[in-house]
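Could you build the full structure based on these sequences and the hints that come with them?
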Amino acid sequence: MIEIRPEPKRPPRTSGLRTLLALAVATITLGSAGTALAVQSGFFADKPEGCVAPDRSLQMYAVELPKDPSTNQIRLGYGLTPQTASYPGPTMEMIEGECLEITLHNQVPEATLAQLRTDPNHPLGVSLHVHGVKYTQTSDGTVHSGSYVASGQSRKYTWYAKPRNSKTGSPGTAGYWWYHDHVVGGAHGTQGLSSGLFGGLVVRRQGDPRPDRTYVSVFGDRQSINLRRGAEADTCDAVNPQPGPTCLVAKVGERVEFIVVGIGNDMHTFHLHGHAWADTRTGLVAGDNKALIDSIPVIDNKTLGPGDSFGFQIVAGDAVGPGHWMLHCHMQFHSDLGMATTLHILDESGQMPPHTAHGPAQVNGPAAGSGATSAPPAGGSTAAGAPAHAGHQPAGS
Amino acid sequence: MIEIRPEPKRPPRTSGLRTLLALAVATITLGSAGTALAVQSGFFADKPEGCVAPDRSLQMYAVELPKDPSTNQIRLGYGLTPQTASYPGPTMEMIEGECLEITLHNQVPEATLAQLRTDPNHPLGVSLHVHGVKYTQTSDGTVHSGSYVASGQSRKYTWYAKPRNSKTGSPGTAGYWWYHDHVVGGAHGTQGLSSGLFGGLVVRRQGDPRPDRTYVSVFGDRQSINLRRGAEADTCDAVNPQPGPTCLVAKVGERVEFIVVGIGNDMHTFHLHGHAWADTRTGLVAGDNKALIDSIPVIDNKTLGPGDSFGFQIVAGDAVGPGHWMLHCHMQFHSDLGMATTLHILDESGQMPPHTAHGPAQVNGPAAGSGATSAPPAGGSTAAGAPAHAGHQPAGS
Amino acid sequence: MIEIRPEPKRPPRTSGLRTLLALAVATITLGSAGTALAVQSGFFADKPEGCVAPDRSLQMYAVELPKDPSTNQIRLGYGLTPQTASYPGPTMEMIEGECLEITLHNQVPEATLAQLRTDPNHPLGVSLHVHGVKYTQTSDGTVHSGSYVASGQSRKYTWYAKPRNSKTGSPGTAGYWWYHDHVVGGAHGTQGLSSGLFGGLVVRRQGDPRPDRTYVSVFGDRQSINLRRGAEADTCDAVNPQPGPTCLVAKVGERVEFIVVGIGNDMHTFHLHGHAWADTRTGLVAGDNKALIDSIPVIDNKTLGPGDSFGFQIVAGDAVGPGHWMLHCHMQFHSDLGMATTLHILDESGQMPPHTAHGPAQVNGPAAGSGATSAPPAGGSTAAGAPAHAGHQPAGS
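Chains A, B and C, in that order, are what the protein sequence lines are. When the letters of the first sequence are read in order and numbered with this note's numbering, they come out as residues 1 to 397. When the letters of the second sequence are read in order and numbered with this note's numbering, they come out as residues 1 to 397. When the letters of the third sequence are read in order and numbered with this note's numbering, they come out as residues 1 to 397.
Simulated from the structure, these hints should not be mistaken for lab results. Mixed in with the good hints there might be a few duds.
[Claimed, not checked] Taking lysine to any residue pairs in the SDA-like style, the calculated list, with each CA pair at most 20 Å apart, reads:
#, chain 1, residue 1, chain 2, residue 2
1, C, Lys156, C, Arg56
2, A, Lys167, B, Lys290
3, B, Lys156, B, Phe43
4, A, Lys67, A, Thr246
5, C, Lys290, B, Thr168
6, C, Lys167, A, Asp288
7, B, Lys167, A, Ala291
8, C, Lys167, A, Asp208
In structure tokens:
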């Protein structure tokens, strides 16, 4: 018996694709003379071409975190362990040529996922969709490919950091990327993204300089940096600042790396005081080819749309020295509403130098720095700001 | 008798220019002792410097098409014949060094053009304004230069794909560009654009790789891709998909070219699943200069403002294989409202491989692909997705 | 006695930083056993590393200008003298390796600054914050660093155009930048910016081609170019156009430089008719490396967010000849509302050639150019459009 299941109601967005797939259901039902669900043979490859076997594997957990204290919004996070889940999730690092297998465990309660969807026909699940590196349809993280994970379940995703193919001119995958859910709430994962299911990814090329620390800045809706704004975006302890998503700190001379990502519905521009970078893959200009060096724009402000990602390395305090260097969106009403944080650059000994303001004497003004010498915070240089290296064994090394 | 015609009322935008031109009217009236209209000698050159004679010529028709079925909006289109007019219009292709003469025939009824203007003093006409290549004021396609066409009339436009001048450093014109009306409705052609009068243009350089097929993606207002969204943006037949503006299909290994254009009033970001490209003129990285290759960012998501155009070539399914690869704006509310389509990549034999979803068993979920093996659509590789080569005889070939 | 001043109320944006600084106040109060204001020793360096002594020095004045005639808004301007203050301010020019000392004199009445702030605790002052070049915290121009100037006071700022460091890959500072207030109205200088306290800066590299004239186009809110729109953005006299911020004019063959800056809250796209430029540091493509030349995109439309700046050089009328070449935002409603001006390119003799329109006969249409031969305006090529060279003596020249 030929039985075509009634199409559930869905937004018009995927209708063309739905037509294809609905027809596919009919066809396979015809062909297999059974229910579509019986077919589980999986003819899309599990791994991209070039990845024979994973070079390493990771466990990734999607969990529910405490609600945002300011807005009471649901917060989700990815973590290499359930206990360390955060938003942004762990910063991933790969090297060109490497193939990575990630097992995603969805520990977000089904009831939470149900709260985040508006369409009762939309499936409840969490996924991993990644930018830049290679994956087959089975690791796409989308609804139509079925590559997502129900609550309490697990699923393997394979990412391949394909190198450049000099024959076809097909570029390598080295760059600053990101990963995110593509399923929570709707077919584009809009609710997953706005709840915290995103993280940074850097793919390096052999010979790339390694940073001393890496920070991820995700610019999003509600004038947020990493879903926080204002005081919540910069929680550095003045005496003993611990590097992390809400405390950007470095010592003069350290090589600091930023991974910058746009999410949501708004345009932003990323601006950093005192530092600039080349508008290249790494923020640096390699070699000594004068025509190349002369061609490359150097910038300190970059337009950032949703889905965009870029990154760069700077030498902290290069020529400018230590200080409280602002990092903000240059859309004026965004920064005025709190879309700003600070890169605190300490001196070589890990102290913020005592300093005095040179402005007009401020008896009672808000320029708290006026006439004040700062406390010497101890410069922590620990793991919070560094990429996740857990189990990292790049292919060929 | 010296007679200066009264200036008609116009928006303030062009007032400075208007002053210049109004004064010009007075001067010529003085000089010729007659009416301004009698002067037809044309002292602006008709052809850009470097173009002695056109290398080829085309006929282009601007016609009224059936109204948009969803919105009942007026639709206009350009076509190489009146019968083949469409939105976007025909994809134009030139090669550096080539000079192209286009005769534009305005077959849009004057009553339709009158409906599209709000200012009764604005002229009724259609024009061709092109980005990137060279043209004189007489081919500018603007109101102030008079380079537009009244209903029922024709006019010649000359485009010159100027090569690079190594002496002055003046760049060549190879690149991904577009053309559009600049007159319908107002001095910036806003109504012409929103009705459909636009198309893609690629200018190649000698030695550039040729694509197997070219698709144009115009991102515009109302969350539209090529003025459609959702189901209307992807009308592929599952069994026999025919490549065209609303059916993006290719076989694994084919060289697919995208021309991406922004129109209207909104920012967008163009994102393609499973594929990335170098942020260069062609999307490829030529040669083997390591410093150059290392400098170039590779991206899979690019910010796109109105008037922007870029393009790239990819090898379909490179490393990732066949599948239904999403192409969407990454502004979340845009994609959620239907600003998404799919690049369907078939296997080498032109079939979509049978596939099964690996997600959780979905008895009645919207993931129609879950547990379904797709039908094998025949891979059409015909002309609809290819640039307009009609009469194409590049200079020097 | 240990006395910590109560924190004044401030917007949440700087709270993290405020915590650090508030603690700093406590610490120094402890350490010096006196008032914080007594500490004036200044342990942040005054000059960036690499700048031993300024190569030249300038006086800069911030003054109040007549209110905007259309909107009655307050207008402020920077000037090399109080009499020449304007918006945008003087175009600054540096060469890599040069160190510049600028003394900013705040002549804006305190009452005016008070009108522009909404938070009574925000300090009244004006500052100089610059993009791209190097400065220490004492020249940051921010509130928290105290590097601003009260009405009637003066303060020195030091900018260093650091060259590239080939050892670290740290890029040079050559590029198209801008400077602006960071204090008026709020901690991000939003009111200073919207009132006119901004200007362009170009940093050249040894061997860069010099332009014949430089124009600054600041795209901002309310569909403004340099805070004007429509007729106010183009005030060229038809007979004797004088180059300046509101009159963009050049002769065919002249090397014209644009510095393009985004301010405010909106995205824009900068489009110029008839001309394109390479998307490089200078708009040119140097050398003869084919792979490099082939990689570089050429554009005539560029997305521009607040804080972004770019620039380019073009040869006026290159291949396209003289004419009234439109320059506008390609966001359609922006250009329709007046975000458009014109680059008037005269022939070699400084005349606009007599011309006639080739469009349909327009008896009474708004296309004033139709059938009209233009008056020959005298081509002024004077200083208004050129960068401020006052006292310019680049280091090493």
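Practice item. Would you pick out the hints that fail for this structure and give their numbers low to high? Key: none
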